[in-house]
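With the hints as your guide, set chain G onto chain L.
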Amino acid sequence: MSRGGIQGFVTERLSQILAVRKLTQSSLASMVGVSPATISKWRTGSQAPERDTLERLAQVVNVAPDWFTRPAAEAVSPPLFRSNASAHVAARAMLQARLEWAQDLAISISEFVDYPDLKLPIREFTDPEAITSEEIELAALECRDMWKIGRSAVQDLALAVEGAGVILVREETGTAQIEGLSAWSTALARPLVLLSADKDNGYRSRFDLAHELGHLVLHREVTKANDRDRHKLMESQAHRFAGAFLLPADSFSADIRMPVTLDDLLLLKRRWGVSAAAMVMRLRALNILDEDSALSLFKRRSARWGAKSEPGDGDRAPESPRLLRRAIDLLASENVMPLEAIPRHVGLSAYDIESLAGLPGGYFAAGGNVIPLARIRAASNRIDTRPIAQGSVLPFRNPAKDHIPQ
Amino acid sequence: MNQSNAETIPALLQRNIPRDLLMAVDEALMAGAQRAYSAAKGMDDGHLPHVVGQLRHFNMNESFYRALEVGNSAPTPIRGNGLVTGRAGIFTLARFNIPLGFWTNGRRSCTRRQMSFANTALEPLTQPDMFDHYVEPAEAVAFFVSCFSGSIHNHPESPTTIQIAVPNRDMSGWLFREPLDAFQQRYESECPIQQDRAIPTLKRKTITQEQDGGKK
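Sequences listed follow chains L and G, in order. Going by my numbering, the first sequence opens with residue 20, and the numbers climb by one from there. Going by my numbering, the second sequence opens with residue 3, and the numbers climb by one from there.
Mixed in with the good hints, there may be bad ones.
[Stated by the list, open to error] For lysine-lysine, the following DSS-like pairs were computed, each having C-alpha atoms within a straight-line distance of at most 27 Å:
no., chain 1, residue 1, chain 2, residue 2
1, L, Lys60, L, Lys41
2, G, Lys205, L, Lys138
3, L, Lys167, L, Lys138
4, L, Lys167, G, Lys205
5, L, Lys251, L, Lys218
6, L, Lys251, L, Lys327
Simulated from the structure, these hints should not be mistaken for laboratory data. Bear in mind the structure is a predicted one, so any value in this text is a computation, not a measurement.
So that you can see chain L by itself, here it is in the shape it has in the complex:
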């Protein structure tokens, strides 16, 4: 395959790193100190880097050199993005590559640990047009029943999703337009979800996760939508699933007093962990509100609070994933491998693993178990009330003065 250069250079890895680090071939070339044409040759496989160039390449993109020689796992299924139309192609490529890294990390750890068994309702729709609203409601309730979480508000959706065997990643992506994406991994035989942490809104993040869950349950067998209408339909179905899952028809509607006011919804927002806007959408989907009433509520919402936020958005901290973090903790605590060896084993940088697994920054450098200590306020002002022990009193002397010549 390659002339000169190291053996077994995997070209997909180079494409991955360009996507993840959002680099163009020419910018990477200037960072490594080679010509853009050389990068292009490495990428097509007509040439492989020399040993010292590979080390320089690995250093500038912050991965282990041997990572470029590791065969890439089977790619995840084409992901479904929760995003608006303005989301850039490069941002999508970056997130897909990031999801593949999450897969790599999960595979590496799974050599030593078992993840929880996968528990998701099975739906084999191949055409989204065949999915009815009733089917979506039933699938959402079946999911709740499988997870034994009853019909009331879900306390911690991230915990429930990970408990059902889904690999969940929540990290800052730098692309706020894309709120999440999900895909199935053949290598892991389970799905992966990546949520953007950029908006830092616990209510929104919960809905995003429920939306991705909808895609995983309803659209597993659906081929990726290329036309706009089909994509729109799938998005609206995932939305309906999220509403049906987070706000089950019977228990949620029992909480609703007619006529619905925004302030009533704000009270329910805390209880159900869902924004007032999403509740209005759900009430419309359940035909509890007609179109005019829903529109009137949306208008009043915009007039009172603006279009993008609601009171109490900061009341709920976003739910954090914990499965990958716990798996890494387990490897270290059971002495399967030393903490500092884990990044080497995975092949990614410590920073990337910390971000993907939701570990605190500097986790591997600090030797693990980084526990943030609460700051005790005014500790220095505390008065020591213990009785003074009897003992010899030492005179305080300024050593500088002692040396002043008389």
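Chain G in isolation, oriented as in the chain L frame:
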């Protein structure tokens, strides 16, 4: 922990009366009261409160009967001034109306007092006795009590509140009473505490290697 410590009257009610039946009774009593008031319109003011009161009895009995029938609670037939009762689990269910305030009028019916005697078995749940221990009874009684304002000029068309109430053995007091809408919340908050299942486990192979002193 013995059972009397763990058991409570609302939990017993919740286990025996389905949420659906409770909601149906709530709706039925409201509808019955509204029908009674509509039917009494146009009557002379001199006896309007009496007409409304009597029509409430008939209309609310009818709607209560239907709710019990649909809820498979085997209601007793409607007969004159008699009580309509149904059955849900160990509970015999009946209804009566009362003005807001003290509920002394509830005792006026001899049949209701006789029925309430079955609740002797529930008394240890609220008044623990050193010698008399609680054993889950086969029979108990609960009433749906519709409380009206007591004035034909103030909110006469529907009850101001409907409560579920469990009397003591002679109806001289109440072992438990709660508005139906608050009681319904108990069903909704009946959420199993979310289990933490997001727990990875070491593969058996890894554990064996460790025990042998080798690492991969």
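Going down the list of hints, with the structure as the test:
Between the alpha carbons of Lys60 (chain L) and Lys41 (chain L) the distance comes to roughly 19 Å, so the proposed pair stays at or under 27 Å and holds. For the hint linking Lys205 (chain G) to Lys138 (chain L), the alpha-carbon distance of about 20 Å falls within 27 Å, and the restraint holds. A distance of roughly 11 Å separates the Cα atoms of Lys167 (chain L) and Lys138 (chain L); the hinted pair therefore holds under the 27 Å criterion. Between Lys167 (chain L) and Lys205 (chain G) the CA atoms are separated by roughly 26 Å; this keeps the pair inside 27 Å, and the hint holds.
For a cut-off of 27 Å, the pair hint linking Lys251 (chain L) to Lys218 (chain L) stands: about 23 Å separates their Cα positions. In summary, the hint linking Lys251 (chain L) to Lys327 (chain L) is supported, as the alpha carbons are separated by about 21 Å, within the 27 Å threshold.
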